Amino acid sequence: MDHIFFFYFAAVIAATSLLVVALRNPVYSALSLLIMFFHVAGLYVTLHAEFLAAVQIVVYAGAILVLYLFVVMLLSIKSEERYHSQLPVAGLLGVMLCTEVILLFIQSRTGAAAPAAADPIAGPGNTEMIGEALYSTYLFPFEVASLILLVAMIGAIILAKKDINEPVQ
Amino acid sequence: MAGSELLLEYLSRYFPILVFVFVALAFGAGTLLISYFVQPKYPEPEKLSTYECGSEPFSDARMPFPVRYYIFAMLFVIFDVEVIFLYPWAIVFNKIGLIGLIEMLIFIGLFLVAYVYAWRKGALEWD
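Chains A and B supply the protein sequences, listed in that same order. Each residue of the first sequence is one higher than the one before, counting from 1 in our numbering. Each residue of the second sequence is one higher than the one before, counting from 1001 in our numbering.
Quick caveat, the hints were computed from the structure, so don't treat them as lab data. Because the structure is a prediction, the values reported are computed rather than measured. Take these hints with a grain of salt, some might be off.
[To be verified] Cβ-to-Cβ under 7 angstroms is the rule here; a few derived chain A residues that face chain B:
{"no.": "1", "residue": "Val66"}
{"no.": "2", "residue": "Phe70"}
{"no.": "3", "residue": "Met73"}
{"no.": "4", "residue": "Ile130"}
{"no.": "5", "residue": "Tyr135"}
{"no.": "6", "residue": "Leu149"}
[What the hints assert, rightly or not] According to the in silico footprint, chain A covers these stretches of chain B (three or more CB under 8 angstroms from chain A):
{"no.": "7", "stretch": "1068 to 1077"}
{"no.": "8", "stretch": "1087 to 1101"}
{"no.": "9", "stretch": "1112 to 1123"}
[Said to hold, decoys possible] Using 20 angstroms as the maximum straight-line C-alpha spacing, the simulated EDC-like pairs for lysine to aspartate or glutamate come out as follows:
{"no.": "10", "chain 1": "B", "residue 1": "Lys1095", "chain 2": "A", "residue 2": "Glu128"}
{"no.": "11", "chain 1": "B", "residue 1": "Lys1041", "chain 2": "B", "residue 2": "Glu1052"}
{"no.": "12", "chain 1": "A", "residue 1": "Lys162", "chain 2": "B", "residue 2": "Glu1125"}
{"no.": "13", "chain 1": "A", "residue 1": "Lys161", "chain 2": "B", "residue 2": "Glu1125"}
{"no.": "14", "chain 1": "B", "residue 1": "Lys1095", "chain 2": "A", "residue 2": "Glu132"}
Glycine included, C-beta positions come from ideal geometry on N, C-alpha and C.
Kindly generate the complete structure, drawing on both the sequences and the hints.
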C-alpha cells in the first residue's frame, strides 16, 4: 500500500523529467519542470520531510522556475534544435549512469533493510527538528548561507545593471 | 504491516491538501469543459482571425525581454530563500532564546546590507 504513493510520484517525476529535455518548446519544458517540482514535494511528504516539501514548493516551484522562465524569455529561444551533436557523449554518460543505478539496485537488494524511521505522528515536528539543528549545531553554515546569498545578489546586480557606475539621482 | 498503517495514518493528515489539489484541477478543467460544451459555435473566417478589428500582428510576440527583468527574478529568489529560513527559526524561537535572536539579527543584517546595496545601486529603479 505504501508503495503506491512512491510509484505514482516516481513515475510522474521520471516522465516529466524526460519531457523537460524532450520537448522542443522551452516554455513547455519549464512547465513540465513545474509538475516535476510538485511531485518531488509529494515524494518528500511520503518520506516525512514536510519542511523540505514546503521549501520545494515555495523556492523551487515559486522562485527558481520563475528565474528559468525569465532566462528563456531573455534569450528568446523559440525552439531548441541544437543538441543532436551531443548524442555520442550523452549516450556514453547514459550507459555509465544506468550501470551505476543497476549496481546500486543489486546491492540494495542484498543489503540490510533501512533503519526504521522515528514515529512521524507522535514525535517532534520535522520543522522543529530542523530549526533546533540549524540554529545550534549548524549555526556557522547558516550564517555563511546568508553571506553566499549576499554575494549572489551583488553578482546579479553587477551582471544585469548596465549603468552600475553612474550615481542614482 | 505496522509501518504501512503508520504511513497511511500520517498521509491521511494530508487529505485536505489532496482535496484542495483536486478542487483546483477540477475548477480549471471544468470551466474549460463547460464553456466548450455550452458556447454557441458559429465559425467564420473573419471571426477566427487574430483580431476581428484592428491591424494584423506583423512580428512574433516572443522577442527578447530586457535583461533588467532578471534582477527582479534574482532578488525574488534571494529574499524567498531568506524567508524560508525564518520559518524553522520562528518555530524553535522559545527554545533557543536570546542566542537565536542574535543569530537571526546577524542573518537579517547581512540581507539588509544586500538590500541597501541594491537600493543604492538603483537596482530597484526601473529606469
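Against the structure, the hints:
Because the closest C-beta pair between valine 66 of chain A and chain B is about 5 angstroms apart, less than 7 angstroms, the hint holds. A hinted interface residue such as phenylalanine 70 of chain A counts as satisfied when its beta carbon comes closer than 7 angstroms to some beta carbon of chain B; here the least separation is about 4 angstroms, so the hint holds. Residue-level restraint check for methionine 73 of chain A holds (minimum Cβ-Cβ distance to chain B is 5 angstroms; threshold 7 angstroms). Interface hint at isoleucine 130 of chain A: satisfied, since its Cβ lies 5 angstroms from the closest Cβ of chain B, which is below the 7 angstroms cut-off.
Checking tyrosine 135 of chain A against chain B: minimum C-beta separation of about 5 angstroms stays under 7 angstroms; hint holds. For leucine 149 of chain A, the suggested interface contact is upheld, since its CB lies about 5 angstroms from the closest CB of chain B, less than 7 angstroms. Taking a C-beta to C-beta cut-off of 8 angstroms, the stretch 1068 to 1077 of chain B contributes 9 residues in contact with chain A, enough for the three needed, and the coverage statement holds. Closer than 8 angstroms: that is the beta-carbon criterion, and the stretch 1087 to 1101 of chain B has 9 residues meeting it against chain A, so the requirement of 3 holds.
Proximity of the stretch 1112 to 1123 of chain B to chain A, defined as three or more residues with a beta carbon under 8 angstroms from a beta carbon of that chain, is established by the 8 residues found. Restraint check for lysine 1095 of chain B and glutamate 128 of chain A: satisfied, since their Cα atoms lie roughly 10 angstroms apart, inside the 20 angstroms limit. Under the criterion of a C-alpha separation no larger than 20 angstroms, the hint pairing lysine 1041 of chain B with glutamate 1052 of chain B is consistent with the structure, at around 16 angstroms. A C-alpha spacing of about 13 angstroms is found between lysine 162 of chain A and glutamate 1125 of chain B, which places the hinted pair at or below 20 angstroms, so the restraint holds.
Of the supplied pair hints, the one linking lysine 161 of chain A and glutamate 1125 of chain B holds, its CA atoms being roughly 11 angstroms apart against a limit of 20 angstroms. The hinted pair formed by lysine 1095 of chain B and glutamate 132 of chain A meets the criterion: a straight-line CA distance of about 8 angstroms does not exceed 20 angstroms.
Checked against the numbered hints given earlier, this structure breaks none of them.
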